[in-house]
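For reference, the chains in residue letters:
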Amino acid sequence: MQATTKKKRSQRWWAILLCIPMLISCAAPIAPFIWEVALIIGANLTYTGAGQFLEQAVDEVIYKIFHNDSPGYIVPDPYNRHNGTYSTRMKLTTKDASGNFRFYILDRPRMVRESESSAWELAPDLKSLTEQVLKGGALSPEGQF
Amino acid sequence: MKLQNIRILIKYYVGDISQHRDFLLIYLSGVLLSLFPVGWSGTGVTFFGFPLELYGNTREDSLLALLKEFCSWAWLFIAIFYLLPNLLQRLSESLSINNTLWIRLAPCSPYEVAISRALWVIIWAFVVGMFGIVWSLICGYFHQIAFSELLINVIGLVSHILLAGGLVLALDLGFFTGTLERNQVSFLALISPVILILFYWGIDKVLNEKYMKFFPYAVPFSDGLTDISYHFGVTALIGFCLLCIHIALKFRFSRVITNFEDGNNASNY
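Same order as they appear, the protein sequences are chains B and X.
Position 50, counted from 1, in the first sequence is what the working numbering calls 50; the numbers after and before it change by one each time, with no gaps.
Every position in the second sequence, counted from 1, becomes a number in the working numbering once 145 is added.
Some hints here could point you the wrong way.
[Stated by the list, open to error] Over the 10 Å line for every Cβ pair with chain X, so calculated as not near, a few chain B residues: (1) Leu18; (2) Ile24; (3) Pro32; (4) Leu39; (5) Gly49; (6) Ala57; (7) Glu60; (8) Asn80; (9) Arg81; (10) Arg108; (11) Glu121; (12) Leu134.
[Claimed, not checked] Computed from the model, here is a short list of chain B residues facing chain X with C-beta under 8 Å: (13) Ala15; (14) Cys19; (15) Thr46; (16) Gln52; (17) Thr130.
For the record, the hints were derived by calculation from the structure and aren't laboratory data.
The model shown is predicted, which means the values in this text are computed figures rather than measured ones.
A virtual CB, placed ideally from N, CA and C, is assigned to each residue, including glycine.
So that you can see chain X by itself, here it is in the shape it has in the complex (with noise of 0.2 Å):
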């Protein structure tokens, strides 16, 4: 294994920040729209000086109601506009058959591209998540609020990612090779995690088991659902564990020479 390789193939994937300008644009407007136009009358929480008639009695408890809604919002603009295109649809489209011969034509073994693939996902989910942190911080310090309680639905949306981009790793079995197999695969990834919670309560209905309470699932707009932090870690962990068999997998083809001379006069090809 080569970390070279892996270098260079995970630049290739995720690219460099002058890529992302508009999200970064975007991503800063939706933080100064949840500072300076959010605020407290007295009696309720308004928002451009409308006041709005949210849970909570108190000014912490609604403020809380107001910016998780906001950030629900985001997480539903961030699956539907950049992850689905920017990760799952490219990460799909990197295991078709063009993809993968053209990549053999690389010095690359299949665990190197495999482990680049894993480490894509896993980067995407740190970036949003740490974009995550920076906001709920910034909020908790303006607002004079908890911060903690705004961190739940950036872990929903790190473990949405982690999963939707395991899932698509793990169906890497050799069925799904058209292009419109590989978008339907991708697109399935990306509700597969909120479909998961009509399972949690058809199941939870029936059983009404101590254990449901570690269901994978991560939803948006989370007010009232309970043990949701189990919830969303479970998704994250699995989400981690099928990456890890995606490599695992790639690891029986270790065997395969790539490399048909010593690897210092690679830069000759």
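So here's chain B without its partners, still in its complex pose (with noise of 0.2 Å):
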């Protein structure tokens, strides 16, 4: 009898997977709640420590196999071909007037082009941010980056 009784228990794990599919396609005020309350754990998990530095780690990682040695290239936007976005980080280097090297990372910046023929240039926000910086104009508070 004893043993009858726990082989029945431990054959009921799949009942616990069964469970998944049925909460999520539940009726109006369940599911919504299931996914609401799931959406603000993952929202909050973001703004932990640990969150932020799991996703600039897998950026990292991403960007060390992938797009390390590559020059990158431009994606033009489908609906507005003289406008487009930088396949990879780019990387500006200056020299300052105490001889220190100082450079400037820009994520996937935004680039544009007056035609279809001519060349590729910085959108003009970050265009005119990135020469105040090499400069040494925007500075952050502290006086650094």
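Once you've looked at the hints, go ahead and assemble the two chains, each given alone in its own frame, into the complex.
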């Protein structure tokens, strides 16, 4: 008797798997509530230090594997061929008056061009900001990046 | 009451340090993770060189936020992978009929067993608290921040252990005797200090009394909650009282004679 009940209990683990689609396909008050709670938990996880670290670490790994030596290319917008996005990171370097290297990284910046045949340039707001930064004008309050 | 019996039982329950080698390794790696990769870039706190956006504008505030968060992750890890299987499930297992019958064969009276169970929980809380204090001292010295701020999560974990262990022992009322029921009790005891905050939020919205800061709960990720040390302290106090109640309830069996011979000859069995 004892053995049979034990066997029944050990076979019931798949009921948990069955519960997941059953809960997700529930009627109005329950399924949206589950989605809402899951979204709130996920959104808060991205604010934690561990979540931010994981995001950036995964980005870094993908960059190291796929884009490390690639010069990058520009993907034009499908509806406006004069705007586009650079495919990877853009690192801009300069040497200031005291001889220190100053660099600035733009992650997938927006690009514009005058016509189909002219060269691509940074978007005007990014361009002015980059020039300021490379001159040392737009430093953050503590004076570092 | 014989201290020798209690000592032997505790040695059986707690085990020695060689059984917890993996825990020591994980603790050491956790300490190293919270020391060297954590830094300050001038505008924000960094972890392995990646900038993180955390609460707090000053260096101390954001470092404290990150280290408290690490302590909360460690709390979750300890609670799920060590507290539940190594303390709570074994504690509730020791209250099952099988184990009680087995322990009756030994020359231990029921209240000696009860005292050793309560001491088992207290030793766990003490050791985990000591590890936490050492971690916060090292972090405070290494990063030059106030280590007393880091202690709040350690107090929370200690109160969590005390309340969970106390609940398992206090629910030994003779209703839950099977293995499945005992496992359910231990799981309920594990989550109850966290679940209590939902009751607190519900009652606090309705009553809004000044005594509500003595409502017991213990939760990780406690940034932004007020009067947190009162809540954690009351939780620990209630857990301690539950342990004492378990011992006091077993004293009604103190007239049962367990030594059939003189105590000195017990080694013959």
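Here is how each hint holds up against the structure:
no. : hint   : in the structure
1   : Leu18  : holds, 20 Å
2   : Ile24  : holds, 23 Å
3   : Pro32  : holds, 20 Å
4   : Leu39  : holds, 18 Å
5   : Gly49  : violated, 5 Å
6   : Ala57  : violated, 7 Å
7   : Glu60  : violated, 8 Å
8   : Asn80  : holds, 32 Å
9   : Arg81  : holds, 35 Å
10  : Arg108 : holds, 17 Å
11  : Glu121 : holds, 28 Å
12  : Leu134 : holds, 18 Å
13  : Ala15  : violated, 15 Å
14  : Cys19  : violated, 17 Å
15  : Thr46  : violated, 10 Å
16  : Gln52  : holds, 5 Å
17  : Thr130 : violated, 19 Å
Of the hints listed earlier, those the structure fails to meet are numbers 5, 6, 7, 13, 14, 15, 17, in rising order.
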